[in-house]
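Colleague: Chain residues, written in single-letter form:
There are 2 protein chains.
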Amino acid sequence: MSTYHPLSEQEAITIAQSIDGFFPDGASLTCREIGDGNLNLVFHITDSLSGKSLIMKQALPYAKVVGESWPLTLDRARIESEKLIIEGQLAPGLVPVVYKYDPELALTVMEDLSDHVIMRQGLMNGIQYPLFAEHISTFMARTLFFTSDLGMNQQEKKLQVKSFINPELCKITEDLIFDDPYTLSSNNNISPAIADAADALTRDDALHLEVAILRDKFLTNAQALLHGDLHTGSIFATPESTKVIDPEFAFYGPMGFDIGAVFANLILNYAGQEHWSRDAEARSEFREYLLTTIADTWKLFEEKFRALWNENGVDRLASAAKGYQDYYMKRLLQDTFGYTGCKIVRRIVGLAHVADIDRIPDDADRERSQRLALEIGTSLIKMNRSAESIDQLINTVRGAAQN
Amino acid sequence: MSTYHPLSEQEAITIAQSIDGFFPDGASLTCREIGDGNLNLVFHITDSLSGKSLIMKQALPYAKVVGESWPLTLDRARIESEKLIIEGQLAPGLVPVVYKYDPELALTVMEDLSDHVIMRQGLMNGIQYPLFAEHISTFMARTLFFTSDLGMNQQEKKLQVKSFINPELCKITEDLIFDDPYTLSSNNNISPAIADAADALTRDDALHLEVAILRDKFLTNAQALLHGDLHTGSIFATPESTKVIDPEFAFYGPMGFDIGAVFANLILNYAGQEHWSRDAEARSEFREYLLTTIADTWKLFEEKFRALWNENGVDRLASAAKGYQDYYMKRLLQDTFGYTGCKIVRRIVGLAHVADIDRIPDDADRERSQRLALEIGTSLIKMNRSAESIDQLINTVRGAAQN
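First to last, the protein sequences are chains A and B.
This note's numbering applies: residue 1 is where the first sequence begins, and numbers increase by one.
This note's numbering applies: residue 1 is where the second sequence begins, and numbers increase by one.
Don't read these hints as lab results, they were simulated from the structure.
Incorrect hints may appear among the rest.
Put simply, identical chains are the same to the list, so a pair is met inside one copy or across any two.
To be verified - Heads up, simulated DSSO-like pairs for lysine-lysine below, C-alpha to C-alpha not over 27 Å straight-line:
(1) 382 - 322
(2) 162 - 299
(3) 171 - 322
(4) 299 - 243
These numbers come from a predicted model, not from an experiment.
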């Protein structure tokens, strides 16, 4: 069974039984494939006697997107599994536990989180996550700091950079986020209602300059080991718990790209509240909750990141040079503005959209949400290099919503 | 013979004979080991009949510096050989031709350049190299552009980054250039005469901030495949020919680090002309030659790099975004200022000095040269982020020399 092939449900059960000590003797296992079949098989295996369960995720050697299929490296399963293990060490409790990784089968066996819901869906249902800012700021501060030259041995870091070279999945980001939305591309997915706004993106010189700079940093700046796809669809949540999943896009890149992914998806939900809130009062309240979450996340992230640096910094000069930490944190904030903007724009006009916007049934509501998101996204991109504080981001969102 | 061991001269001859078609039948080969024995064995093999000759360079598994010995990876021979081959493809005629690489023996067989002299020595002897700016600007423009995300397939570039991860040799640079000179370190090598100036380096907050920023870029910015040690001791020259050698420090880093290495070593020679010139008039003339060479090198580099970008750019957005090329070239100039400064400072107070300064016999001349170099180096570091044109660098050097 060790040569790669897509597993059957029965084979998945056999592998699950082989994991020492997980299921009790005499377990009665059932298996259900619950993936969407586009990139991976996902098996949910349960013991009906003890109630214990686990998840097995197997990478498929192709990606299906909008009907097309293209080959995709199975090495992403190794990257995902190794990144999950590193995250589990650095931010225990905030990612699923990995029980086993089989490189031949491109298979990761991990903790079942079906008592959680995908955060994007939760936000669309109006659920608030009061601990999310605390959790995600810990996750980001610790995974980013301890994989950077500030927090880990700088020679080991270079070997880790090597191990997480991820050309195929980075290419997806480079095309879909940092190129297609700003040009005529058959990859784009543009609602006819906002054709004028999408067209404006292709003719905005000031915007192109900033995106080119942000694209260059994505291509060249090996600052920390990123999750690489940290949107609200990659987060399982309950009001008490946060679990970050699916790090197959992991690679060494600019920290602001991960932080920006979180903020962008909270802002996309904010824009979508044109529809999802019951009424104006509920909309206003939920939007304030989202903005408070963004502000709290940044403030907690910055506080924790600086504390880690002060207590665990390994770079003598970076710690000794007066003013350097302030300089570093400001550049990080500025990158965050830029990548937040890029991640918003691509979800409105690029290939892959988000349910927060696309599932809005009313055409006018949806168009208003799309235009609001684009206005916020392009503003954040244009202001990124002069940003000074997270309040400017909050005010930009609020200001755009009031227009 | 294929298991690694340091070769004898007789073994080197046997290997030389095995290179198909290089030496004619009946060649009468003699071999002489001409390395300094610190890092590598270097065999010079000559056929006394045909006059043909070649060089064999074998890495030793340790480095000897100031009497100490520490282990050093043999992988640097692979890196050197692969980098030489890439340079030979991108900048033909400006590096020695590689005839053979044997990974087991950590051995590179290459073109004999003994009709050239090490440029540092040539400059100390007052030799001018009228084609150097033309040659080195071509070398840098082509090797840097075509290994960057601007000029090569961006997914292949990532695999090349992986192949040139070079932790041990980067560590040497990180310590000796970007840390030791700015703190009390037993690695430093400080003339008692300039103890006050060396001490000032350890207490200069503005300087530390800039060096920390430049250090961070060295650690994280995988902009292009650098030579990594491009000083005038790594260049063989005649008035008609320039050959860059010894790329064992190659890795993906910021382009300005290579350009800065060239400029720093021309400036170190400039500072050393306190002694090397016969008289004030000769000094003034040679110094003008050096400054003209720096200015010409930058101008030609910029012209060639922009032309390559315009004709061979592979990044759609980087080419389309108005103003981005100007922005990019300015950042490159600014990095060049910073790295030029860092490379000067380390050669005055750090572990490894340069003959241009250290071989000055007169104490007063040597001290004056050292202080001049330190003043130029620290000034360039402090002005790096606001630099606008190469003329500012030239004026900084000239101004310091006039004080």
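Colleague: Determine for every hint whether it applies to the structure shown.
Modeller: Status of the hints after comparison with the structure:
Proximity of residue 382 and residue 322 under a CA criterion of 27 Å is satisfied inter-copy only: 14 Å between copies versus 29 Å inside one chain copy. In this assembly of identical chains, the alpha carbons of residue 162 and residue 299 never lie at most 27 Å apart, being 32 Å within a copy and 35 Å across copies at closest. In the homo-oligomer, the alpha carbons of residue 171 and residue 322 lie at most 27 Å apart only across protomers (23 Å), although the nearest pairing inside one protomer, at 38 Å, exceeds that limit. Taking the shortest Cα distances, residue 299 and residue 243 sit within 27 Å of each other inside one copy (20 Å), while across copies they are farther apart (53 Å).
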